[in-house]
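Trainee: Protein sequences appear in the order of chains A and B. Take the first sequence: its position 21, counting from 1, is numbered 1327 in this note's numbering, and each next residue is one higher. Take the second sequence: its position 108, counting from 1, is numbered 126 in this note's numbering, and each next residue is one higher.
Among the hints, a few may not be true.
[Said to hold, decoys possible] Ranges between beta-carbon positions, derived for each pair: (1) A/Ala1358 x B/Leu106: 38 to 46 Å; (2) B/Lys83 x A/Ser1326: 16 to 24 Å; (3) B/Asn46 x A/Glu1347: 19 to 27 Å; (4) A/Asn1364 x B/Lys36: 41 to 49 Å; (5) A/Phe1318 x B/Lys87: 25 to 33 Å; (6) B/Ile30 x A/Glu1360: 38 to 46 Å; (7) B/Pro101 x A/Lys1357: 20 to 28 Å; (8) B/Pro101 x A/Gln1315: 37 to 45 Å; (9) A/Gly1322 x B/Arg115: 34 to 42 Å; (10) A/Lys1376 x B/Glu19: 31 to 39 Å; (11) A/Gly1359 x B/Lys36: 46 to 54 Å.
Think of the hints as simulated: they come from the structure by calculation, not from any bench. Small disclaimer: the values here were computed from a predicted structure and weren't measured. Where is the CB? At the ideal position from N, CA and C, for every residue including glycine.
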Amino acid sequence: GQQLNQSPQSMFIQEGEDVSMNCTSSSIFNTWLWYKQDPGEGPVLLIALYKAGELTSNGRLTAQFGITRKDSFLNISASIPSDVGIYFCGTSYGKLTFGQGTILTVHP
Amino acid sequence: EAQVTQNPRYLITVTGKKLTVTCSQNMNHEYMSWYRQDPGLGLRQIYYSMNVEVTDKGDVPEGYKVSRKEKRNFPLILESPSPNQTSLYFCASSFLRLGNTEAFFGQGTRLTVV
């Protein structure tokens, strides 16, 4: 199936630090989606990107749709303990596919 | 309230005993999909459906069946569950319109097969 390579697999950071994660693919996409999954819950949409080069913010979160349309990144600024969770990138090309996820741990 | 509802949330069953996990959405979405989540493997797609009576295999379809008789419902059927199907399952739905394909997820079903 279609593969999205998400990195890093996990991150351990101190509260207040900035976080960056990315997703790449060998294929071109029209959509990049970023989700967060809290423990025991289903993933929830954070940011949706539909245009190459698009940079979108949602509070302390910023995501960009790569100009080549083969990648996307998500930044979290000034992390707080409730940012803990698993972050997934996803794309839609008729069917929705997701990366392996980035597990984020924030130490107070 | 717009939502995707899965039932049950938790299920323990024995090998070989047929089971169905239900999924229902109230947003009139064309697209519905099932994923399983295992540690370190992310969300792997089992089956998806682009509309009523249209279903396709995802990346890990073996041992599963689905049906899409109505737009709002997309049940996942395990005819003869085995222990390797112990996992956390998610149903998701979305529109299929360019510029509007954000998926909404259910709360998950944790299945244990003993």
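Trainee: Look at each hint and say if it fits the structure.
Mentor: Right, here's what the structure says about each hint:
1. A/Ala1358 x B/Leu106: 38 to 46 Å: For B/Leu106 against A/Ala1358, whose Cβ atoms are near 34 Å apart, the range 38 to 46 Å is violated.
2. B/Lys83 x A/Ser1326: 16 to 24 Å: For B/Lys83 and A/Ser1326 the Cβ distance comes to about 41 Å; the hint is violated.
3. B/Asn46 x A/Glu1347: 19 to 27 Å: holds (24 Å)
4. A/Asn1364 x B/Lys36: 41 to 49 Å: Cβ of A/Asn1364 to Cβ of B/Lys36: about 43 Å, so the range 41 to 49 Å holds.
5. A/Phe1318 x B/Lys87: 25 to 33 Å: For A/Phe1318 and B/Lys87 the Cβ distance comes to about 47 Å; the hint is violated.
6. B/Ile30 x A/Glu1360: 38 to 46 Å: Holds, at about 45 Å.
7. B/Pro101 x A/Lys1357: 20 to 28 Å: Check failed, 45 Å falls outside 20 to 28 Å.
8. B/Pro101 x A/Gln1315: 37 to 45 Å: Cβ of B/Pro101 to Cβ of A/Gln1315: about 26 Å, so the range 37 to 45 Å is violated.
9. A/Gly1322 x B/Arg115: 34 to 42 Å: Check passed, 40 Å falls within 34 to 42 Å.
10. A/Lys1376 x B/Glu19: 31 to 39 Å: About 36 Å separates the Cβ atoms of A/Lys1376 and B/Glu19, which means 31 to 39 Å holds.
11. A/Gly1359 x B/Lys36: 46 to 54 Å: For A/Gly1359 and B/Lys36 the Cβ distance comes to about 50 Å; the hint holds.
Violation of the numbered hints given earlier is confined to hints 1, 2, 5, 7, 8; the remaining hints are satisfied by the structure.
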